Every structure is written in C-alpha cells, then in structure tokens.
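In order, the protein sequences belong to chains A and B.
Going by UniProt numbering, the residue at position 305 of the first sequence is 305; the numbering climbs one at a time, nothing skipped.
Going by UniProt numbering, the residue at position 250 of the second sequence is 250; the numbering climbs one at a time, nothing skipped.
Hints are computed from structural coordinates only; laboratory data are not their basis.
Incomplete in silico selection of chain B near chain A, CB under 8 Å:
(1) S51
(2) V188
(3) S189
(4) Q193
(5) R217
(6) V262
Nothing here was measured: the structure is a model prediction, and the numbers come from that model.
Every residue gets a Cβ at the ideal spot worked out from N, C-alpha and C, and that includes glycine.
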Amino acid sequence: MRTPLVAIEGLTVDFGHGPQSSRAVDGITLEIAAGEALGVVGESGSGKSVTWLAALGLLPAKAQIRGSVRLDGRELIGAPQRHLEAVRGKRIAMIFQDPSSCLNPVHRIGWQLGEALRLHRGLDRRAADAEALRLLDQVGIADARRRLGDYPHQLSGGLNQRVMIAMALAGQPDLLIADEPTTALDATIQAQILDLLRSVRRDTGMAMVLISHDLGVVAENVDRVAVMYAGRLVEEAPGAALFSRPCHPYTQGLLAALPELAGGRRRLVAIPGTVPEPGSVPTGCRFAPRCPVADSGCATEAPPIQAFDRQHRSICHRRIDPGFSVWTLPKAAE
Amino acid sequence: MTPLLEAVDLHRHYAVRTGRNPFSAKALLRAVDGVSFRIQPGRTLGLVGESGCGKSTTGKLALGLIPPSAGEIRCESEPMPAAGTAAWRTLRRRLQMVYQDPLGALDRRLPIGEQIAEPLVIHEQAKPAERRERALSVMEAVGLQRHLLTRYPHELSGGQRQRVVLARALITEPRLLVCDEPISALDVSIQAQVVNLLLDLQERLDIAYLFISHDLRVVRQVSHEVAVMYLGRIVERGEAENVLAEPAHPYTRALVSAIPTVGSKRERILLGGDPPSPANVPPGCSFHTRCPFATAQCRSEIPTLQPLADGRDVACHRVHETPLRLVA
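Let's have the full structure, built from the sequences with the hints guiding it.
Here it is as structure tokens:
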C-alpha cells in the first residue's frame, strides 16, 4: 500500500492541567490518501475541528498534544516552527466557517491574495497580480479585476468564502481542510460553494477533509466518512456504505434524526440525552448513556474496533449487523 | 373557519441611506412588501427563505412587535391593537414568541424557574403561590426535570435552554407561537428532540405555530402549510406536502434542489449570484436576476400570486409553461 498523504495515529489533545484538564480528542487514528475526500462528521464538542487544528500546530500553548501526525511520512507534532510554516498554507490549507472573520477587514482582497502568493510561491508583485486574477477566476468570481480592489465588507458571505478558497488554493496545497465551509451561508449559496469545491478538486486533484455537522453535505461530497463523538472516532467507512449500512448506534441515530423532505409530517427519531460535557465524559464507551442497546459492559470498558470489511470499522462493544437499525422503534417523548 | 391570525397585505419599509455619507439620498428598504397569510387554530404555517428575505420581520409584524407600514394583522377577525396598549398586552398573552438563540433570550442572572414564571407576573395572571406550580407543570410539559427550577441558564445544555424558552412562552397558555429559527442553534440529535416536542405540544394543547426557518427539511416535518419568501414577497404558498415535494416556482425549486441529501441523487438547479439587496429590489419579478426561465415580461411586470389546480398559490409569469414536475 502507498504511504498515505496524512497519517494520524493515536492523537490525543488535552486542555488544561491536572484534575481540571479536559480531553477534547482521545486517540484518533485516521489516514488520508492523496486526492481523497474524507468527510468528518460530529456534533459540537466531538473534536472534529480540534483534531486538525492540533495536526497543524494551531492550538494555543495550553493544549497538550500527544500521538503522531505524519505528512508524507514526516512528523508534524513537535516539529520546529520553520517546518510547520512550510506546511501550513502550502501543503495543507484550511478554510473556516465564517469567511468574513478570517479575512483582514483593512486590506483589499488583492493585497491579501498577493500576500499568500508571495509567501507560499515566492512570486514577485507582477506575477502575484496575474496569479491572483487567475485564482479569482478559478473560484468563479465575476469581474475579478474590480474585485481585487474591494475590501471584504464589500463582498457577500458567499463571495468572501470564494476568496478564502482562492487564498487556500494560492499555495497549491495537497490537502484542503474545509471546516464547516458552508454553515454560515444560505442554502442556494451553500450549493454554489460545494459545487465549486468539487470542480476545484477535479481540476487540481487535491485531497480534502470536509468537516461538517450536516450529514447531507458530507454524503454528497466525499469518498469516505469518519464519524466522531465526544473526542473519539466511532465509525469509519466509505461514504456509500456508511449511509446505506451504518453500524454504530450513534451513526444510525444521526441518520434516523435527519428530517426528510419526502413523505408526510411526522415525528423524528431523536437520540435522547445530550453530548457529554468535556470535563465529565463517561468511562467506557462515551455514547453508552444515550445508546438504546448499551449494556453494563459498555459503561465501564473502552469499546473494541469491529471491522466489517476492509474499510468499514465501527468502535462499539456490540456487533450490530450493517443495515439493522437499533433505532427502528421511536421511543416515547422523554 | 375563522383564522386565528390573518395577515392582510403587510408592508414594512425602512428608509436607509444609500451611501456612507449621512447626507446621501435615502432609499426605501422593502423588508416586507405585500405579504398575506392565514393561520388556522392548531395548525402550522412554515415561513421559509434565505437571510434578508423578510421572514423574521414578518414574524415580528404578526405579533404587533413592530407596526406595519401598510396592511394589517387580524387576530380572530379583530384588528391588532396598537403595541403598548392594554388591549394589545392582553392579546399578547395568547400570542408568544420563541427566539433562535436561547442563551441570548434568557437572563443569565435569574434562575430559570423565575424566568419561566415571569410572564405570569407581567400579565398579573396567577397568584404568587400558584406561579411555582404553573412553572413546574409547563416544565414537565416540555420535558424539563423539576430540580432544574433553581438552576441558571449557563448550567443547562443548549437543548434544555431551548426548552426553557418554550416553557416560558407556553406558561400563559398561548394560542399561537411564533418560532423564529427555534432549532437552528442546536446540534442535529437535539434538533430532533425539539421538533418532536413542538409536534407533541401542538397535539396536546392545540397551539398554532408560525414556524420561521431557513431549513426546509425541518419546516417539512412541522408544517401543514408553507410560504416561501424572496425579497419581502411570498413567491409560493400551499400545502407543505405539495410545495416541497413538487415545487412550482423556480426559486422554490432551486431551494429544494439545494438541500444536501443522504441517499438519492437529484438534479440540482444552481442559482448564479447572490440575492439582491432588499434596498434595491429589481423591477418586475424580483427573482428574474437569478431565474433561469426569466423572459422580458419577468423583467418588467411584477407577478401576483395565482392559484394552481392543487390549491397552492404561485407568483410566477411562467408557472403554467414550465412543467410542474422536476425531471429527476
């Protein structure tokens, strides 16, 4: 097998010290091949964003990171700043949920794009200008020359996100980490941005990690999906398998809780309870308190990995047959 | 049947400066521009649209929180009294509001029991001794445990806070709840809990909802009827089942096709560009700048809502030409 582009192994992130510390990410192991699109799904507090911030060394100093993140076999955790700076933006780029707060409000779009191009590609001013124009064109911004002279507040949310994508592409990265890239956008604009990400990936062959709480967004845009819950990976599978034959009770619950557009007005299958607070996660399986099929073992012991086929694994005590939902009987209102 | 609430040709306009100069010319921002709807007792009207389409303004107009520039709101055939009057305050007991951000809508320094009972104090409804009992009974109705009565908002989870906001709205036994994006700030698994709660409460208490949301999937689950807004106007309205399953207006079609789905792949209509500013609404059909079917007529004439055979109303010049069913 080829070396993966990025290999995360046993990544653990703690915030704070001693008894007050809370574990945001607990032993994540994941790989991404070159050119692959991986979806990472989870609710708030699942550690889906922290994993990647830790990998790129973007967390504050109070975060203690253990484990390993390798890019083309080279370790990133604990790597010298100089090495990380050559990776960030250049090999691995990241875009975030709120584009307007990621752009500098006092500089023109053209200046900000130019900065990225000078930094990552070492272009001179003239070459950077031409390349900035080409990038805006690539991300589908009409009238690119005029837009280069605009400030972020003059652009709409959708246009700003396009500018962010253009900046991310400036370093010609091998991997784009898109952290909830469309959550702040309207439905029709979200469709535009997802379409753009697809076409950019088709043109450049770059790999992508799409982090989202929206299973629908992930389903349509990735090859493989990892589901996270309370800092741990609970299920990982190719997209088609995960959505048609989910094995982990949590994944099944998330899918069952999705409202559908077709059919009548109806109750939804709701997962009872709430996500555990970071400071008080259950021992054993973290989903056990909300799981309809949990037994006493689930509450005390860490769950094993159940492999269903080569690429489909679920981290669960119970071996639930793919496709058999543990949520079929809607429970009475709590 | 007399509708519980009726909006008749509502307008809400704001004068805004066109430039940053305080002396620059004023333009009229048409936040709501001729909206009519009816809500029957115990039924849900879903109001959908993208940001800036005027759906929240419509919600505030419906409760009389802001006065309309033109048009009127009727509650059980009676015109809505002016805000601040005694008659309006009496009416407001029966029309309540639930906001999007539960933490912002709650007072951080008051235990939630007091906040839930506060509407009773304001409306001088129950005796002080009764208020605690009433608070406990609505808390039970929304699925909050008794011991939370003395807790503060920061001690609760997002889903619990939204239940508190709901309990507070329900304590005056309203006939209508205006829910403005009530679940958008919640996690997926919690959203389903709150949607189920809203459905249960409606069944038990026969409340009507004006459910405002940008999320069509959620609107589908709770609404009997939907109205789709674009730039201050309703472009399509009808039975939720019909409108969302077979949208007729090109904008509704684009909205429905933009919903990311798990499973079946559908044809996607990608709209170009952003919605225009409500301060500068295009002439004719306001959607023509983004509509793939627009003709010369669309650019000059404003379409009005016309009934279709299945009872829905659509404001589109070309609705009879374009086939209703989307080819998958």
